[in-house]
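Asks: Chain by chain, the residues run as shown.
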Amino acid sequence: MKALQRLAYALVLGGAAMTGDPAFAGQFDGVTVRVATFGGKWRDVVAEHVVKRFEAEGGKVEYVLGQPSTNVAKLIAARGREIPFDMLEAMDNNLPALKAGNFIEPLTLAKIPNVGQLDKANYDADKVMIWVTQEGIVYNKKAFADNGIPVPTKYADLTHPKLKGKVSLPDITAGGAMPAIVGMAYEGGGSETNIDPALDLVRKIAPASFWSSSSNLQTMLVNGDVYAAGAQAGNVQRLRSKADLGIVFPRVKDKNGVLKQGYLVQIKGTKQSDAVHWLINAFLAKSMQMAVFHEAGQVPVSAEALDDIRKGGTYDFLRLRPEEIAGMYRIDFTKVDEPAYVQKWNRRVSR
Amino acid sequence: MSERIPAYRLRRQILAGLILAVAYIIVLGPIVFVCIASFDYGARAYVIFPPERFTLESYWQIPQRYWDALWVSVRLAAVTMVAACAIGIPAAIGVVRGRFAGKRLILTMFRFPLQIPSVVSGVAFLQAYYAVGDWTGWHGVGSFAGLAIAHTFAATPYVVGTMVTALQRFDDSVEEAAVILGASTMGTLWQVTLPMLRPGIFAGALYAFMVSFAEVPMSVFLTGSTLLTFPVEVFNSMQFDFEPTILAISTLVTVVSLFVVWLVQRIVGLDMFVKVGAAD
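Chains as they are written, first to last, in our numbering: chain D, 1 to 351; chain P, 1 to 280.
The hints are simulated quantities; they were obtained by calculation from the structure and are not laboratory data. All values reported here derive from a predicted model rather than from experimental measurement. A virtual CB, placed ideally from N, CA and C, is assigned to each residue, including glycine. Be a bit skeptical, because a hint or two may be false.
Said to hold, decoys possible - Examples of chain P residues toward chain D, derived with CB under 7 Å: (1) 14; (2) 126; (3) 127; (4) 237; (5) 241; (6) 259.
The task is simple: from the sequences and hints, build the whole structure.
Replies: Given below as structure tokens:
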């Protein structure tokens, strides 16, 4: 009888292990985790593919919605007090402030088995990457062909006379601003520490507009108000049914194109560390990573998701192989002085 | 024999009509655009205009979170309106009617919230609420009361401004007549002064409501996980991606607003805004 009981326990444990969840159902009864993340459709995606599973384990998620920079401001304001959230979705440009403020609680990577799906460069004890966007020059193939404009290979090609009034660049406040600015800086002999060549190039390009949100940009691309824009490849994917868009990844230092990265970090002072680890693991699960691509328009980081996407459709405009993604430039935000750059932008890029 | 309109007068009328038409297009154009575009629907990330088809699908698909946020905003704006009037009306009466040194300074101080960028106010309130929370145990961030206090801070100058303007145009002799005829101070206030100030009160209250309802920069910092205002919910959605349902809920809010304006016209008449003038 005892042997049968042992066998039964073993079967239960084995079954639980095979689900890929490193824990048992119902283990988070009464646990509430506050997750700081984007609002809108992204929240719906997270709710459907991550939070539902967490709720099935008895847990509850409270969303603290906002741009990462706003949420970081809340964290700074709460310094020395109860933290406003347990887990934060941050972007690469937020990491230096989080590190400098000592807001990050190191992770126990053994509790996040799905990191095994990631390239080693995409995670460490402080943070785990969950998506990337691939930044370059999005252009309307038909408009370029009809007007005899050569396909751009670098940002300086946007000064073509026939593109006057037909280019949009990201506003300094947009998420895609730094990738474009750093890309243009390197092209002009500058770098993260010297963006003057980028600002000079922006003035030369004299864009028709500076986009501040992706929906704003996408409307301009679809309506033909803009033939080319400094933007990410997700715009090509989302607008495939409406416009024949392409993307080029200009040379940046010794790489092609720029990566913008989204991370999850655990906030120091959280009392729900186990739950946070579970949630981070769930963000890296295949269903969520596929949803990142198909529903949110970003590129996942999980190897199995990337593999499925490569096999499942024609996404030749994206860099989906690990070596291709490794060939894209990652901005060193420790060298970027964003407040100073905003001031420079406001002074020199007049609108 | 009919009188012919002189040519110069005709030219002036045409020019005035053109200017008015341009003004209407500039002011109403975006609203009409949103309303028309809301009658299209599809899984897309951009606005289509003119709509490719006519459907009410966007309206049926409005997520519950928008309705919840709208209800929060309506309640918050109503509370802010009452609080701002409760502070602003007596303050304006005191400043205009009072005889003391520093009246101009006090009036200027009431206008301070208008001079401070809302984002700065939002961060200041965030810090203040955390400090108050440490001291009293009351946590304002993410609470309805915390939002209401911040919105009242932003809205009160508008009430003070409209009331000061109304009071400066007030005919004191009517009050004096009431007192001479035997009315008490409070009786004069309730039966003479406040009814005559009604247009200013309504104007200030409406401005306070609108300021609170549309407030984003402060609310972004002060909303919490279970409390989101409608503009912040829409702002967060638009920052990430476009949803056609945003157009639909915005159209509904516009329609309700038009109804409120019609109601105001029926009750007090919109010309009170012209009489009273803008807040600043």
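Asks: Output the numbers, in ascending order, of every earlier hint that fails for this structure.
Replies: Those not satisfied are hints 1, 6.
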